[in-house]
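A.B. asks: Could you build all of it, start to finish, from the sequences and the hints given here?
Line by line, the protein sequences are chains A and B.
Okay, so the first sequence: first residue is 8 according to our numbering, each after it adds one.
Okay, so the second sequence: first residue is -13 according to our numbering, each after it adds one.
Think of the hints as simulated: they come from the structure by calculation, not from any bench.
Computed from a predicted model, the values in this text were never measured in an experiment.
Heads up, a few of these hints could be off.
As the list claims (entries may be wrong) - Which residues of chain A face chain B? A few of them, derived with a C-beta cut under 8 angstroms, are:
#1 Leu18
#2 Tyr55
#3 Val59
Unchecked claim - Lysine-lysine pairs mimicking DSS-like chemistry, simulated, CA-CA at most 27 angstroms apart:
#4 A:Lys78 / A:Lys25
#5 B:Lys28 / B:Lys99
#6 B:Lys99 / B:Lys57
#7 B:Lys28 / A:Lys78
#8 A:Lys64 / B:Lys28
#9 B:Lys43 / B:Lys57
#10 A:Lys72 / B:Lys57
#11 A:Lys76 / A:Lys25
#12 B:Lys54 / B:Lys99
As the list claims (entries may be wrong) - Computed footprint of chain A on chain B, listed as stretches where at least three residues anywhere in the stretch have a Cβ under 8 angstroms from a Cβ of chain A:
#13 30 to 38
#14 88 to 97
Every residue gets a Cβ at the ideal spot worked out from N, C-alpha and C, and that includes glycine.
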Amino acid sequence: EAQVTQNPRYLITVTGKKLTVTCSQNMNHEYMSWYRQDPGLGLRQIYYSMNVEVTDKGDVPEGYKVSRKEKRNFPLILESPSPNQTSLYFCASSRVGGPYEQYFGPGTRLTVT
Amino acid sequence: GENVEQHPSTLSVQEGDSAVIKCTYSDSASNYFPWYKQELGKRPQLIIDIRSNVGEKKDQRIAVTLNKTAKHFSLHITETQPEDSAVYFCPMLWGSGNTGKLIFGQGTTLQVKP
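C.D. replies: Okay, here's the thing in structure tokens:
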């Protein structure tokens, strides 16, 4: 089954404790992206990657890191989480050059206290 | 820079009525126009899309129309049902499409009252 998976689905952590949210896709997609979703603000892009070892900042990259060492994986790293990073996070993937449909993971709800 | 604006931000209709959400874009080179639906607690999913060489596309109760001159496209939902209640997004394909990057806006929250 074609899918994007994220782990964990829910996470409660404390300020400053490093964490990683994993994202994996099995569709051989070149493009992968991380979004955060907050009430009234829609989907805002954090980072994206067009292929292995190619990453770029989105609209709200501060406080986040990513890596793309393998085509299927695109982890999101919060080196020192802060309460303003409490949010719902989505990973997505698609083909570069089309078709442009983005497949989203189930989401990770992060709470930083 | 490129951006996309949706109107209205919230929409409430009675079950059985029609709903229309309009999306205005700034990049005249845009050639791909999708609509995503996000039900409460779920992930966004593509429901319909259209290319710039097509003026309208229908899929059962939903349709998308494109006005390239005015740079807007709209989602039409007929005979609305409670399960149509969701947030709808019309992301813009960034650049010429050779990156796959979509720019999402704030979305439109549709509430269908039974």
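A.B. asks: Does each hint fit the structure? Answer for all of them.
C.D. replies: To see whether the hints hold, each was checked on the structure:
no., hint, verdict
1, Leu18, "violated (17 angstroms)"
2, Tyr55, "holds (6 angstroms)"
3, Val59, "violated (14 angstroms)"
4, A:Lys78 / A:Lys25, "holds (24 angstroms)"
5, B:Lys28 / B:Lys99, "holds (20 angstroms)"
6, B:Lys99 / B:Lys57, "violated (31 angstroms)"
7, B:Lys28 / A:Lys78, "holds (25 angstroms)"
8, A:Lys64 / B:Lys28, "holds (25 angstroms)"
9, B:Lys43 / B:Lys57, "holds (17 angstroms)"
10, A:Lys72 / B:Lys57, "violated (35 angstroms)"
11, A:Lys76 / A:Lys25, "holds (20 angstroms)"
12, B:Lys54 / B:Lys99, "violated (33 angstroms)"
13, 30 to 38, "holds (count 4)"
14, 88 to 97, "holds (count 6)"
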